[in-house]
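Chemist: First to last, the protein sequences are chains X and H.
Under this note's numbering, read the first sequence as residues 107 to 442, first letter to last.
Under this note's numbering, read the second sequence as residues 155 to 688, first letter to last.
Nothing false has been slipped in among the hints.
Far from chain H, by Cβ distances over 10 Å, these chain X residues were calculated:
#1 M107
#2 P109
#3 G232
#4 G319
#5 E407
Result set (BS3-like, lysine-lysine): computed pairs, CA atoms no more than 30 Å apart in a straight line:
#6 H/K293 x X/K377
#7 H/K156 x H/K176
#8 H/K671 x H/K654
#9 H/K372 x H/K553
#10 H/K156 x H/K293
#11 H/K343 x H/K546
#12 X/K377 x H/K207
#13 H/K176 x H/K343
#14 H/K591 x H/K614
#15 H/K671 x H/K599
#16 H/K293 x H/K176
#17 H/K614 x X/K377
#18 X/K377 x H/K654
#19 X/K377 x H/K599
#20 H/K553 x H/K671
#21 X/K377 x H/K156
#22 H/K451 x H/K207
#23 X/K377 x H/K176
#24 H/K654 x H/K451
#25 H/K372 x H/K551
#26 H/K591 x H/K671
If you're looking for bench data, these hints aren't it; they were derived computationally from the structure.
Backbone N, C-alpha and C define an ideal beta-carbon position, used for all residues, glycine too.
So the chains spell out like this:
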Amino acid sequence: MRPSDLLQPRPQGLYCPPGDFFIDPVKPVGRALITHGHADHARAGHGTVMATRETLEIMAIRYGEGFAGSRQEARLGERVAVNGVEVSFHPAGHVLGSAQIRVAQGGRCIVASGDYKRRRDPTCLGFEPIACDVFITEATFGLPVFRHPDDAGEIARLLASLGQFPERTHLVGAYSLGKAQRVIRLLRDAGYAETIYIHGALEKLCAYYESQGIALGPLAPATIDNGGKAAFAGKIVVGPPSAFADRWARRFSDPVSAFASGWMRIRQRAKQRGVELPLILSDHSDWDELVATIADTGASEVWVTHGREEALVRWCEINGIAARPLHLVGYEDEGD
Amino acid sequence: MKLFADLLDRLVLTSSRNAKLKLLADYFASVPDPDRGLALAAITGDLDIPSFKPAMLRALVMERMDPVLFAYSYDYVGDLAETVSLVWPAREGRVLHNADPSLSEAVAALIEAGRANGPSVFAALLDRLDAPSRFALIKLVTGGLRIGVSARRAKQALADFGQIEVAEIEELWHGIAPPYEALFAWLEKRGEKPVPQAQALFRPVMLSNPVQDGDLEKLDPADYRAEWKWDGIRVQATSEGGVHRLYSRTGDDISGAFPDLLEAMDFSGAIDGELLVGVAGQHTGTFSDLQQRLNRKAVSAKMREKFPVFVRCYDLLQDGHDDLRPLPFLERRSRLEAFVARLPAVRFDLSPFVDFSGWEELDDRRRRPPHPVIEGVMLKRRDSAYVPGRPKGPWFKWKRDPHTVDAVLMYAQRGHGKRSSFYSDYTFGVWTGPEEKPELVPVGKAYFGFTDEELRQIDKFVRDNTVERFGPVRSVRAERGHGLVLEVAFEGLNRSTRHKSGVAMRFPRISRLRWDKPAAEADRLETLQALLDG
Ligand SMILES: [Zn+2]
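Work out the full structure: start from the sequences and follow the hints.
Modeler: In structure tokens form, the structure reads like this:
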């Protein structure tokens, strides 16, 4: 049996013919195994969804309880047969509930990592390398230019700016699932105890994180009724990046616009978006983490998906590992 | 090095003037000597550091990584210095804080290394730096920090830091050198004001205030003298002990671009005047002509012949050993007249007085100046001492009214800082081509002149009438039957080969929104061209 008999790219997503299921399909299918709750990986309208409890709950928050015909909870590390194919979920370290999916049959084993990162994240379980024959890796930041600095240093820059410009609102753009909660949690870890104001789009997910035991400290909605423009002077406001370019952002006094994203490593990206304080904080692996992970899994073959496949394929080539791009479409890294 | 790198990165992305000044002043306050002085020199362009060619940089990185991976990276980032700073194979996090070499250590190591060892010393430094610091160091040695901070702005930040007038810094500037330890000691009130160690130094310039409604009623015309305000660039021509220098009004040394004038500066003194193209006393060229001579490193003989420059003298600050600045204006003026009479007549002439008996008469003359290169009149109190800065009262400028043109809004770009959620930078155009089928051609850009309420109205118009988006820019509907007409005020026009319209406006700003005016009735390009030829 060749690995491609066990998992293969289809227009709907990665498909397992013997198990008759898809991993993170981008179109409605009968049975979907879902790595994590970001919109490009978790879509509504499948027949059955198998995912971790947190991912199922996040999907219910985002799409409503009827997001799928039925749900099957995957417990981390537990091996379950799906139509005779052995399936198990393992922490991916990307966002709360995120998992890699291991698929095995007839002595062959493939791990689909979904999105993942290696560094410590106080809002989710850490990535566990799983030995496999084929490792399917993401490549969002699959170029040697992407090397994320230390999280604490980035948070320290935000707090330093707040100290320097106490009359200005510090608007932090952060995606609503995962990044926003991580930024808030990292601020708390750095000793920032004041109320953090959040955009409406973040409320439900922040409350969910809280309910899962991730303490986010005092939060309040960033609405004008909360005291008008002056009330936000010297405060931190977190909102989804899309809101920053819009009228919502006008309610704040002379804001310092910050954006928490791995893309902020590239100065031109920050400039184009009008970001004054780029915070290089990513929920994806940087280049060094990607290549270290490939080595850690011991995989003899690597399939590369969504992102900058060509550089990672080149790295594998130099290091004597068989590699090919999967050319899956439809993944736009909402998470970063 | 980290702090310097942080400063550069923040300055590049910060658009507010006050925020930039704050970032700089905080840096000066928190970083010790000699690093802060070297950083200051790097920003003002006064830092002496060995330079490296981009090819050397590329060669160094090629010894360390796969060329294909480098090519992918460079292709993605687009900037060589930034690419190298990011891909340089020193693992993030391995750079210990106490291993971070200081700016001064890095500069000293590179100077000491010399030509032969330069590359290896440079590479060893990169190994010890984090990515932003690598970027800063690479930018330093390859030239071109380009951080959007002028030398003038840096001096203002120093003045803020030391809570003194910027004029005091400007006066010292050309007589002190990096790392400016004595300067910082003085600014921190730990030491004496440094004594400049050079000749022909810059003297901070005296500026005027615009005449505003009601100003003149309170003044007695008999207390003032008037002279024409010429449309060139304000300069200070200083000679002392055989050293000749030409400074801009902000104290930048621009001698290099005007060797023809410098040759003629065989005097001992400091003249305040207007740099103009032409031949003193005979012909005065336009600002457009003068621009041919500005911002050039080298000037060809042909250039010098076609666009000769001269100084039209306003004031005399130094005459031999005498500092004239405390004297009354009229006394300085008579010294100036005697002084200029001894200078080469084709390079120096006097700015003539404009006689008047009352404000109305002067207003009339201001509106009908005898020469197109005049942009208004200057009023100077007869007894005014020459004091740096912009004191209120002794000097006024009373400009000719600005030109206006009705143009159609074509593109709008998102603003910065406070205005980042508004479309606040506007490109506008006028009609050209056949009368029956005219097209709009862009003639300028403006981002001020309107009120906050007007900004909201234009922003709404832009959002409701967007045709296309490209990044932060939107094109808006601009047709004969549908478009927003803006009345644009501007100070003058230059000929331009860079713009399709062939004209470039000076100081354009939005003076009125003409919601009432149909777009088809906006002005045509010919109107502007006529102004250019007049
Ligand atoms: Zn994701």
